[in-house]
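Novice: Use these hints to put chain Z onto chain P, whose structure you have.
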Amino acid sequence: MTVLSVRNLETYYGAIKALRGVSIDVAQGEIVTILGANGAGKTTLMKTIAGLMDPEKGTIELFSKSIAGQDPDRVVRAGIALVPEGREVFPYLTIEENLRLGAFTRRDNPAEDLALVYDYFPILKERRKQAAGYLSGGQQQMLAIGRGLMARPKLMMLDEPSLGLSPILTQEIFGIISRLNAEQNVTMLLVEQNAHIALATAHTGYVLEMGRIVMGGTTEKLRASDDIQEFYLGRSDAGERGQKRWKRRKTWR
Amino acid sequence: MEVIQLIIGGLANGCIYGLVALGFVMIYKSSEGVNFAQGDMMMLGAFIALGLGNADELGLPFWLAVPLAIAIMFGVGWGVERVVVRKLFGQPQFALVILTIALGFVFRFVAGSIWGYSPLVLETPFAGRNLGGGGLVISLADLVAIVVTLVLTLVLWLFFARTKVGLAAQAASQNQMAAYIVGVPVMRINSLTWGLAGAVATVAGVLYATRGAIDPNIGLLGIKAFAAAVIGGLGSLPGALIGGLIIGVVEPLAGRYIPGELSKMSPYIIMLVVLVTRPGGLFAQMHAKKV
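Listed in order, the protein sequences are those of chains P and Z.
Counting along the first sequence from 1, when you hit position 114 you're at 114 in my numbering, and nothing is skipped either side.
Counting along the second sequence from 1, when you hit position 167 you're at 167 in my numbering, and nothing is skipped either side.
Bound conformation, chain P alone:
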């Protein structure tokens, strides 16, 4: 079943067209990753889906219901939680207050989900009375993911969860992301610069370049592609091909 379906999405930053007709699908229970260089439009895509930016054209449907151009609180109520780039926690509130705010749009008691989050991130339970601003970067990332889970989302969007983290912490965070997907059946849309780990974690992937989707498919297929290997995975044994790299155009151009 399709959770999220985006068609021909176009979004502008002022006069600059950041998304030039993006179409993606996210199926129930999957992790879908979006690869792309700096400025490709990954974060813009996330922000547009989350309602933080308004699309100029195109449709965004969650379970076949349009959410394009709605206010962010409506989008959260509809079932999409964003774990933003750079974590964006509430620095002076305690960890527990931060998590409770994640459940702001829910009417029922989030105690069960709080226990679940503490189960996955024991360090947060240990420090739950401390101000979130005192947490380390990795712990803040855990807090941001936990906060997203508190909304009990139908789709969780993770924007660059490895930003500024050490390789070991990155491994740990992605391990938890995989577990959440496998054990709690959380559907995820994952934007990530680290193509290695993103392709290892996700089931399906898209490549976004200059505001366009240029390639898509299962992660096995993407990993096998020469272009992905060369430009995103940085294969070093490119040999002859690598020598002429400066002449070569990517197959999708």
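By construction, these hints were calculated from the structure, which means they are not laboratory data.
Take these hints with a grain of salt, some might be off.
[Claimed, not checked] For lysine-lysine, the following DSBU-like pairs were computed, each having C-alpha atoms within a straight-line distance of at most 35 angstroms: (1) Lys17(P) to Lys29(Z); (2) Lys29(Z) to Lys154(P); (3) Lys29(Z) to Lys164(Z); (4) Lys125(P) to Lys164(Z); (5) Lys264(Z) to Lys57(P); (6) Lys264(Z) to Lys29(Z); (7) Lys57(P) to Lys129(P); (8) Lys264(Z) to Lys129(P); (9) Lys129(P) to Lys65(P).
[To be verified] Here are the simulated distance ranges between beta carbons: (10) Lys57(P) to Lys87(Z): 26 to 32 angstroms; (11) Arg77(P) to Arg278(Z): 41 to 47 angstroms; (12) Glu56(P) to Ile269(Z): 46 to 52 angstroms; (13) Ala55(Z) to Asp54(P): 39 to 45 angstroms.
Yeah, the Cβ is synthetic: ideal placement off N, Cα and C, and Gly gets one too.
Specialist: The following block gives chain Z in isolation, referenced to the frame of chain P:
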């Protein structure tokens, strides 16, 4: 004895500064700008209570007139945010400063054209009643001012610390984007904050009016309250209250023991000293915002 007497009067005065300063801080935290009309909102609130309650006006009972005035001013604060302030979203902070200064003038002219510019007295149940004992005379109005301020501060603290909406308001002031992301309707929270600032200003205005006559220019007291908010750190609710109390207490003491002109400057001298020694104010939040 005389000193204690001065301090009690000063505390009561300081409570009023503190309440107006609370309004400054609440709006500073939500709209990231200073509402220079806060003092005038206090004045307007006092006049609305007077218009509803005084025998020669509408003549409602005092205990009905005051809550009604608070409700009306809540609506005024809400409306100001909804209709005007929201239009300035994304503009430089300075736009809000000019806007609120202008709003202050509007409030003053509105009050002046309805109630005139000569001092009027709000009829209250506490007028002229004193409690005595041990050589001290405490006016009932002073006592009411202190008790009401303490209760109101407690209520506001409970609201911001313990309720879901209050928590959301704190969240919106700390990280607006994250507040949007978790689904807080930030704009509506801002309207609510302005409404609350109007309500708190009205309480301050009524307390002011129980202790003396009011005219449309009493809103200039807002300048001293602003100094109080700056002393407290312009981002801390308890800091605002304590800043108000400091100014309130220092004023009469300075008036008694320091030569005239210098004593009038005392609130601002304190503000300067605080700004030089602790630029963030006495109760600055622990650390700078991390990115």
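Novice: For Ala55(Z) and Asp54(P), compare the CB-CB distance with the range 39 to 45 angstroms and indicate the outcome.
Specialist: This hint is violated: roughly 56 angstroms between Cβ atoms.
Novice: Okay, Glu56(P) versus Ile269(Z) on CB: inside 46 to 52 angstroms?
Specialist: violated, 56 angstroms
Novice: Given the proposed pairing of Lys17(P) with Lys29(Z), does the C-alpha separation stay at or below 35 angstroms?
Specialist: holds, 34 angstroms
Novice: Are Lys57(P) and Lys129(P) close enough, with their CA atoms no more than 35 angstroms apart?
Specialist: Distance ~45 angstroms between Lys57(P) and Lys129(P) Cα, so the pair is violated.
Novice: Measure nothing beyond the straight line between the CA atoms of Lys125(P) and Lys164(Z); if it is 35 angstroms or shorter, mark the hint as holding.
Specialist: Distance ~21 angstroms between Lys125(P) and Lys164(Z) Cα, so the pair holds.
Novice: Hinted pair, alpha-carbon criterion (35 angstroms max): Lys264(Z), Lys57(P). Please report holds or violated.
Specialist: violated, 62 angstroms
Novice: Return holds or violated for the Cβ distance of Arg77(P) and Arg278(Z) against the range 41 to 47 angstroms.
Specialist: holds, 43 angstroms
Novice: Is the straight-line distance between the alpha-carbon of Lys264(Z) and that of Lys129(P) 35 angstroms or less?
Specialist: Not OK: Lys264(Z) and Lys129(P) at ~45 angstroms, beyond 35 angstroms, violated.
Novice: Are Lys129(P) and Lys65(P) close enough, with their CA atoms no more than 35 angstroms apart?
Specialist: violated, 39 angstroms
Novice: Would you mind confirming whether the straight-line C-alpha gap from Lys29(Z) to Lys154(P) stays at or under 35 angstroms?
Specialist: Holds, at about 33 angstroms.
Novice: Decide if the proposed pair is consistent with the structure: Lys264(Z) and Lys29(Z), CA atoms, cutoff 35 angstroms inclusive.
Specialist: OK: Lys264(Z) and Lys29(Z) at ~30 angstroms, within 35 angstroms.
Novice: Between the beta carbons of Lys57(P) and Lys87(Z), is the distance compatible with 26 to 32 angstroms?
Specialist: holds, 27 angstroms
Hint compliance for this structure: hints 5, 7, 8, 9, 12, 13 are broken, all remaining hints hold.
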